[in-house]
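Trainee: As a plain string of letters, each chain reads:
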Amino acid sequence: MSSTNGTLLSVRNLSMFYPMRAGFLQGHRGEVRAVDDVSFDIQAGETLGLVGESGCGKTTTGRCILRVVAPTAGELWYHPREGESVDLARLDTGGLLPWRQEIRMIFQDPFASLNPRLPVLEIVGECLKVNRGLRGSALEERVAELLGMVGLRPEYMRRYPHAFSGGERQRIGIARALALNPRLVVADEAVSALDVSVRSQTLNLLQDLQNEMQLTYLFISHDLSVIRYVCNRVAVMYVGKLVELADTRSLFLTPQHPYTEALLSSVPKPDPRVRSQRIVLEGDVPDPSQPPSGCHFHPRCRYAVDRCAEETPPLRETADGHHVACHLADEIELVGIHG
Amino acid sequence: MPVERQLSAEDLLLEVRDLHVHFPLDEGTVKAVAGVDFDVYRNRTLCVVGESGCGKSVSAQSILQLVDRPGRIVQGQIRFHRHDADGSVTVTDLAALRSSSRALRAIRGRHIGMVFQEPNTSLSPIHTVGNQISEVIRLHLGEDEEAARRRGIEMLERVGIARPAQNYDAYTFELSGGMRQRVMIAMALVCSPALLIADEPTTALDVTTQAQIMSLLQELQADFGMGVMLITHDLGVVAEMADDVVVMYLGQVAEYGDVDRIFHAPAHPYTKALLRSIPNLDFDQDIRLDSIRGMVPDPFHRPAGCPFGPRCDEVIEGRCEAENPPAFSLGEGGSVRCLHYEEVALS
Chain C
1 MSSTNGTLLS VRNLSMFYPM RAGFLQGHRG EVRAVDDVSF DIQAGETLGL VGESGCGKTT
61 TGRCILRVVA PTAGELWYHP REGESVDLAR LDTGGLLPWR QEIRMIFQDP FASLNPRLPV
121 LEIVGECLKV NRGLRGSALE ERVAELLGMV GLRPEYMRRY PHAFSGGERQ RIGIARALAL
181 NPRLVVADEA VSALDVSVRS QTLNLLQDLQ NEMQLTYLFI SHDLSVIRYV CNRVAVMYVG
241 KLVELADTRS LFLTPQHPYT EALLSSVPKP DPRVRSQRIV LEGDVPDPSQ PPSGCHFHPR
301 CRYAVDRCAE ETPPLRETAD GHHVACHLAD EIELVGIHG
Chain E
1 MPVERQLSAE DLLLEVRDLH VHFPLDEGTV KAVAGVDFDV YRNRTLCVVG ESGCGKSVSA
61 QSILQLVDRP GRIVQGQIRF HRHDADGSVT VTDLAALRSS SRALRAIRGR HIGMVFQEPN
121 TSLSPIHTVG NQISEVIRLH LGEDEEAARR RGIEMLERVG IARPAQNYDA YTFELSGGMR
181 QRVMIAMALV CSPALLIADE PTTALDVTTQ AQIMSLLQEL QADFGMGVML ITHDLGVVAE
241 MADDVVVMYL GQVAEYGDVD RIFHAPAHPY TKALLRSIPN LDFDQDIRLD SIRGMVPDPF
301 HRPAGCPFGP RCDEVIEGRC EAENPPAFSL GEGGSVRCLH YEEVALS
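Those protein sequence lines, which keep their order, are chains C and E. Position 77, counted from 1, in the first sequence is what my numbering calls 77; the numbers after and before it change by one each time, with no gaps. Position 151, counted from 1, in the second sequence is what my numbering calls 151; the numbers after and before it change by one each time, with no gaps.
Hints listed in this document are in silico derivations from the structure and should not be mistaken for laboratory results. Built from N, CA and C at the ideal position, the CB exists for glycine as well.
Derived contacts from chain C toward chain E, CB cut-off under 8 Å, selection only: (1) Ser54; (2) Val196; (3) Val198; (4) Gln201; (5) Asn204; (6) Leu224; (7) Ser225; (8) Tyr229; (9) Leu263; (10) Val267; (11) Pro270; (12) Asp271; (13) Arg273; (14) Leu281.
Starting from the given sequences, assemble the full structure and let the hints guide the process.
Mentor: As structure tokens, then:
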């Protein structure tokens, strides 16, 4: 893995609430707490995984970092190569312009994220035209180079997206994200839509590119086996809150949050001889507009005590680099993937 | 330890033999299913696994003649063994029936239940859960509204829906994804079918919900003793659920066998490659993921010879490009379509 040298982005107390409006006058009817007071750092050169189930706020966190949306509260301190740190949360569209070239995105659905009416040259080259002013043969050369980097034949740059398979389209999306030599790439479920054999090719490609270009990834996924494979550290989210953050190995082997334990036990293991002892959680993920009191996980937690319903546990460091938001973290023994 | 195979003819529910399903399109004919054989037994789970476009869903849909137009079964037999209460067995070839025929409609939903991938699109948004479940009961079991309601609520409770009486009158958009999939399962099982076909039933769901649904299916199978045919692309799900496994590639069965052998002694190069390319959770070895080179060929340009040939690492020069291997027996009911096993089968 690449070396880490300092923090690239510090997320501090990030919150994103979406108002719910209803009725004739569109009166305020409460809010959906998609991301609720989340703090973490992304180190330069690492791959930080953000994992959780649908509706846990992992995608919204990514969208806040990309400033697709303006967060309700909190700070996003970006540390550029040179000069002062900037708080992306406070910048307006104009102020964000230089940083938008350094933080790019790879989308989930390779069929929906490429404009079917544009040839690959335009799709990958658009940001080069706008930001670098490249034209003509200079543009074609750079696009050809990018396509070569992601393992596509440069001759294909005049083709339209429909001529490519899902895995190839995802490579086009990756080439587009890398066109401006970004430092941070947010990959939101970047391999979820791909088949097993193509998925492993794409994961290997992402790792090679990381080494070549000293990239930092925020890798958002619901798939723990993919997370385990590509990430250095992993953050687990549940109903808008960060519940656990640790390096991948200790998160998988010695989880400290009961939700992480349940999540790990739910992953089907690809070996019929170890049919797992699944911890089957009761009920559904709660509605983020009406989260449970105290620890949001307490109604489904098999270790919950009275205190869990009353007090929201803060995220605290329990071991070196291992952060967990659970009152009982020191008292309960949880089982990791080898348990 | 290999699972003991006690497969008796009495437990046989479904025999699929040499099934071919073609889609005649303007660009050419897509041979979505090109000669598939498998059996489903009572009280056992058959998992059909493969990547998109391998024909696993079309094979499942063709059992109930639900293949989208212009696809149609052009060859083969789908023999369904109906076991009646008095012990008699009636064998019907479903492939020979017309899709809208009375005979097939009497089997669909009554003797063979089906659960689809997308609970959001397979349930009606303008009918209540109760409407949709009671329709099945009234149609197949001829019960009146009152009895259907009682049976429906009972079934909802059985699949673990909280407040079943209340949710019986709910619309499906009021339920979460996991709940909707439970409703689908309740609808498929309410007439106690002998065979349940589940096409990617957990793919659209989160892992913890997936764990709930898989446990539910296992429980229900233990209770009702039905045969389950589970279509999935997830080898983890296969390892957890399957007794027998069919690995499909480009419309053909690459390999067939019991789950333990498939995972611990895979024979076909495709099965081996597939198993190597899944990221597992193990930390003992931190190696680079193996991947299968190239990609699934497009359906209009099937390679000559073995369909996996162009991507295979164990190609026999001069033969694999020319011959599409037949299924060679591996003993214990297993089979593999690969020329490397020609001698094994002969000896």
